[in-house]
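**Student:** Below, each chain spelled out in residue letters.
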Amino acid sequence: GENVEQHPSTLSVQEGDSAVIKCTYSDSASNYFPWYKQELGKRPQLIIDIRSNVGEKKDQRIAVTLNKTAKHFSLHITETQPEDSAVYFCAAVETSYDKVIFGPGTSLSVIP
Amino acid sequence: ETGVTQSPTHLIKTRGQQVTLRCSSQSGHNTVSWYQQALGQGPQFIFQYYREEENGRGNFPPRFSGLQFPNYSSELNVNALELDDSALYLCASSPTDRGDTGELFFGEGSRLTVL
Chain P
319 GENVEQHPST
329 LSVQEGDSAV
339 IKCTYSDSAS
349 NYFPWYKQEL
359 GKRPQLIIDI
369 RSNVGEKKDQ
379 RIAVTLNKTA
389 KHFSLHITET
399 QPEDSAVYFC
409 AAVETSYDKV
419 IFGPGTSLSV
429 IP
Chain A
3 ETGVTQSPTH
13 LIKTRGQQVT
23 LRCSSQSGHN
33 TVSWYQQALG
43 QGPQFIFQYY
53 REEENGRGNF
63 PPRFSGLQFP
73 NYSSELNVNA
83 LELDDSALYL
93 CASSPTDRGD
103 TGELFFGEGS
113 RLTVL
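Just so you know, the sequences run in chain order P and A.
Just so we're aligned, residue 319 is where the first sequence starts under my numbering, counting upward by one.
Just so we're aligned, residue 3 is where the second sequence starts under my numbering, counting upward by one.
Any given hint could be a false lead.
From the structure, some residues in chain A lie toward chain P, with a derived Cβ separation under 8 Å [to be verified]:
(1) 32
(2) 35
(3) 58
(4) 86
(5) 109
Just so you know, the hints here were simulated from the structure itself, not pulled from any lab data.
These numbers come from a predicted model, not from an experiment.
All residues carry an ideal CB built from backbone N, CA and C; glycine is no exception.
Build the full structure now, drawing on both the sequences and the hints.
**Tutor:** Encoded structure:
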């Protein structure tokens, strides 16, 4: 089955700097890669996603890149703000069941 | 539009007991997935229900079972509770038809503590 790895596990940046989180996946058949943000004590919420027919997608300060050959994808947050502090999960979809497999998470702290 | 709701929000059980967690999917969503999230970890896929049938299962033993009802609400049952079952159990619904995966809409979760 699909396995998703994520790095780093924790990340601290100064407000205004950029943050990058990297993930790898194992199943070459996976074709959908969402990113979820989970604030402390809250539910995970989708912030951006990318499908395998696209190499990059951007939404304001957030962008995701996908390299299908290398089986890795990354989340880029520019001009970070304190409210970006949360745990971020990458995920990959195992197409045989459409089940979403999550990475272990990255705890991002944005220091004012 | 009503979001995903779960009950109970918190509960405490002892080893060997059984627990039932409930989830009401978002209006119009026919697919429900259950995840176990241990402290400091990512959500682990338990199983998914699509139109009342199990549609995929993760690496969880048979004592984890589920149901989906005609109104697409769902239950997660765990028998013979073990200490390691202590976790946040998340339910997520989606309007997914097979082969068209999209966003998961999560509930707030049920936090289970096994003593």
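**Student:** Please go over all the hints and tell whether each is borne out by the structure.
**Tutor:** Verification of the supplied hints:
Look at residue 32 of chain A: its Cβ only gets to about 12 Å from chain P, farther than 8 Å, so that hint breaks. A distance limit of 8 Å between C-beta atoms decides the matter here; for residue 35 of chain A the minimum to chain P is near 7 Å, and the interface restraint holds. For residue 58 of chain A, the shortest C-beta to C-beta distance to chain P is roughly 3 Å, which falls under 8 Å, so the interface hint holds. Violation of the interface hint for residue 86 of chain A is found here, the shortest Cβ-Cβ separation to chain P being roughly 17 Å, above the 8 Å cut-off.
A least Cβ separation of about 6 Å between residue 109 of chain A and chain P falls short of the 8 Å threshold, and the interface hint therefore holds.
Of the numbered hints given earlier, the model fails hints 1, 4; all others are met.
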